[in-house]
Amino acid sequence: MMNNSKALNKIPLEEVSYQMPTHTLSLCLSLSLFWWINSNYSNPLLLSLGAASILLVLYIAHRMDVIDHESQPVHLSLKMSGYLLWLTKEIIVSNISVVKHIWLGNSSISPTLVTIDASQRTDLGKVIYANSITLTPGTVTVDLVGDRMTIHSLLKENIDTLKAGEMDRRVTELENRC
Amino acid sequence: MLTAATIAILVVMLLAIIRCVVGPTLYDRILAFNMFGTKTVLLISILGFLMGRPEFLDIALVYALINFISVIGVLRFSDSVEFKHSLQEQTSTKEGKQ
Amino acid sequence: MNLLLEIGSGLCLLLGCFLCLSGGVGILRFPDFFTRMHAVGVTDTLGAGMILIGLMLQNPAGLVLLKLMMILLFTLFINPTASHALAKAALRNNLQPVLDESSNQGGDKPSKL
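Residue numbers (this note's numbering), protein chains in the order written: chain A, 1 to 178; chain B, 1 to 98; chain C, 1 to 113.
Errors might be hidden in some of the hints.
Claimed, not checked - Calculated lysine to any residue pairs in the SDA-like style (CA-CA distance at most 25 Å, straight line):
no.	chain 1	residue 1	chain 2	residue 2
1	C	88	A	146
2	A	89	C	7
3	C	88	B	36
4	C	88	B	28
5	B	84	C	96
6	B	84	C	98
7	A	89	C	57
8	C	88	B	53
9	A	126	C	25
10	A	100	C	89
11	A	100	C	98
12	A	156	C	92
13	A	100	B	23
14	C	88	B	54
15	A	163	C	7
16	A	156	C	85
17	C	88	A	79
18	A	100	C	92
19	B	84	A	127
20	C	88	A	127
21	C	88	A	143
22	C	88	B	24
23	C	88	A	148
24	C	88	B	25
25	A	89	C	56
26	A	156	C	98
27	A	79	C	96
28	A	156	C	56
Source of the hints: derived by calculation from the structure; they are not laboratory data.
Between the sequences and the hints, there should be enough to build the whole structure, so can you do that?
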């Protein structure tokens, strides 16, 4: 627990001691929701079985020490919706461009492999950035070592858009608001 | 409309299988297999609506998860030393024959 | 209202089918593994999303909607991870991508892993 809170040196001490219950609570809530959506029976036997399995999963996750700000990014959830909307718009735009180039044929594409810098501070921010790049068709993050990402793209213009840094800026903003 | 969607997805699955059979490298095959799995999830969901049996969605959900695990498992295996060794042996015997 | 939902769902399904078919053509047409990965990306994000949204509009109430949303969420979380793992494994095992000559400046090439 101490190691996890050291990574969050920005947050004052009294909040750090409150950190663990928030994440456990959020994991518990999402697990209960998952059980309820998948089973949707409300007789006592099945509900108690659900409670038992949720408790078991919580215990195992606690033993594995994976309940922290990385697996349950609750501090991001407020700002996340705006970012997701922008990402959806981005995905639609790049989908149209990739589909256009599929039908135009091989001569219209210019595959490129470059290395760019990520300006995010935490691992979580870097992972969000890399996954957003991969989720957008036309660009795939091939490798991520330290601050440098290797990116393969279908078109040269995609790399130019990435280097202009709008997505990078938005992810960094998202990360800094926590 | 649902029937048309089913047919379209079956066609896409056929294209993925062609790439899976033709694919020059191992990774092309894994990629085509992954796409095939994703399309199967969609097919199962559409069939659930077509037959009026929404329980099929549970199967689709489980299939999506199993598909991911299997792709990661195959990749993990392809990283193993024994696998690389056998691949090298294969290519060296091929070169020897030529 | 019902007719409107029906039309919307039909349109979404049609668009999704078109995107999936384009991806299927792309996976056969593109020259090498890394470019094929982008074609699969189209079918995995917007293609699957449009078909699932079309199905959601067929039955916009109750548990079915929640389950469809869960499938969509899992698809969007799983596919980038799988394609990243695939690309990384391919590059690590010395599968060199076919690059456009004009963009091939030596300095930008990634170091050997």
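Tell me the numbers of any earlier hints that the structure contravenes, in ascending order.
8, 9, 10, 14, 15, 17, 18, 19, 27 and 28
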